[in-house]
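Q: Letter by letter, the chains look like this.
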Amino acid sequence: MYGKGLWQGLAVTWRNLTRRSVTAGYPDVEPELPPRSRGVIALQEENCTSCMLCARECPSWCITIDSHKEVIPAPTEGGRDRSQNVLDRFDIDYSICMYCSICIEVCPFDALHWSPEFAYAEGDLKDLTHDMNRLRTWMDTVPPPQALDPGADQGKELQAYELTRATEEGL
Amino acid sequence: MSEVADVLVRCLVVVLAFLTLPLLVGQMEHKAMAHMQGRVGPMAAGGFHGWAQLVADGVKFVQKESITPVAADRRVFELAPAVALVPYLVAMLAIPLGPFFGHGVLIGHDLDLGLFFVLAAMSVGVLGTLMGGLGSGNKYSYIGGMRVAAQLMSYELPMVLAAASVAMLAGTLSLVGIADAFEPWWLLVQLPGLVVFFVAGLAELQRPPFDAPLADAELVMGPLTEYGGMRFAMFLLAEYAGIVVLAALTTVLFLGGWAGPWSDHLGWAWTLLKIAGVSFLVIWARVAYPRLREDQVNVLAWKVLVPLALAQVTLTTLVVVW
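Taken in order, these protein sequences are the chains called Z and F.
Just so it is clear: in the first sequence, position 47 is 47 by the working numbering, and no numbers are missing.
Plus 171 on top of the position in the second sequence (first one is 1) and you've got the working numbering.
Looking at chain Z on its own, in the form it has when it is part of the complex (with noise of 0.2 angstroms):
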């Protein structure tokens, strides 16, 4: 039919105008936003080695570390002592982050998370670096992950675990 289009403009404006708009208002409202949010990243520090791997992954360089060795002595007598590495300084950049998660995914000790703050906001781009106090502080905010989907595999190490348990009580 000549002209179909014109009427489906309007029928599609109408239906429009008649639903209700999905709009948050967001500075009155809060946002509601899934756990794993890319809002701003967190910092465990006890969990960091100072491996570097974060450091070294960050495709946009935002991330500075540094650490010393501090020894341990031998627990017992004639002994070998051993170091371990203790974090000086971890600061991100957030005026270079560009939130690939990189970081994130290649952590092998969990020391870095997602937390779904995004109001952090500063008036000078200094001031955009975070220390690692301030990282920590995001640690506050991170919120428990998601549940498993009903029938979903657990994580592997916590069944390999959950075996050996079993056997070791069966034993």
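If you're looking for bench data, these hints aren't it; they were derived computationally from the structure.
For glycine and all other residues, C-beta sits at the position ideal for the given N, C-alpha and C.
Careful, some of the hints might be misleading.
Facing chain Z, according to a computed beta carbon distance under 10 angstroms, are these residues of chain F, among others [as the list claims (entries may be wrong)]:
hint, residue
1, 173
2, 207
3, 458
Not everything, but these chain F residues come out facing chain Z in the computed CB check (under 7 angstroms) [said to hold, decoys possible]:
hint, residue
4, 212
5, 459
6, 485
7, 489
8, 493
Once you have looked at the hints, place chain F on chain Z.
A: Below, chain F alone, put in the same frame as chain Z:
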């Protein structure tokens, strides 16, 4: 003395309507267009659903610097916003709103040649954008001005023909007379004329989908490119006043003006309601349809609207003679 007071009151009412109705239409455009696009539109200004948004816009425009480009034809450039705005004020003076609680027809001044006068005033209004386009000393403005000229030439004819058809049917050029003579079956006989008049009116006002002269993707803002501050605000006000005048004229000519229940007392309310309805259609057309290309604009005028308007005039002639 009472005559002077009467004239003053009428002028005051017209000026008040001129200052408020375009703003109401503007606010309706903000909100209706937003919801048609799945948004909510302005919500902050004034507290309740952003009712004061246009007031805030006005305050912003007043604060801005008034700039005239060096390359501009100074007097033409500075006169253009006034030429765009004032004709609509003048046109509103001659448009009847209908009986006001049994006190006769509410109108600035009932002219015998009302229809002719209003159509002439509307055409002068378009000259404002044309002046802005040719006087700005800017290539985008210039091309926009050329497009305004082409559009003005094309759409004046079908608009006048459609209006003439109604005048023939009513046997008068007085707007009050036309609205008084209205009978419901005219709606059917004059339907092509109504469509032609409305579409041609949209094109005269350069409202989307006929905003090829402004075409922000191609011409920045067309003839308005170099304007800022109060002058730009005057052009905007002219656009919305134009919508009001077009809607009022469509109402009076084709929709029976104040025809409706209790029209002796509430005639003015019927007219205002119909004006609001037609204004809503103007806004709806903007949201629903994409901009016509420049050649499509002229094809629509000469190959569709002019033949349709001529057919309408022929039909009306037959009806009148018969």
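Q: Sort out which numbered hints this structure fails and list those numbers smallest first.
A: 1, 4, 6, 7 and 8
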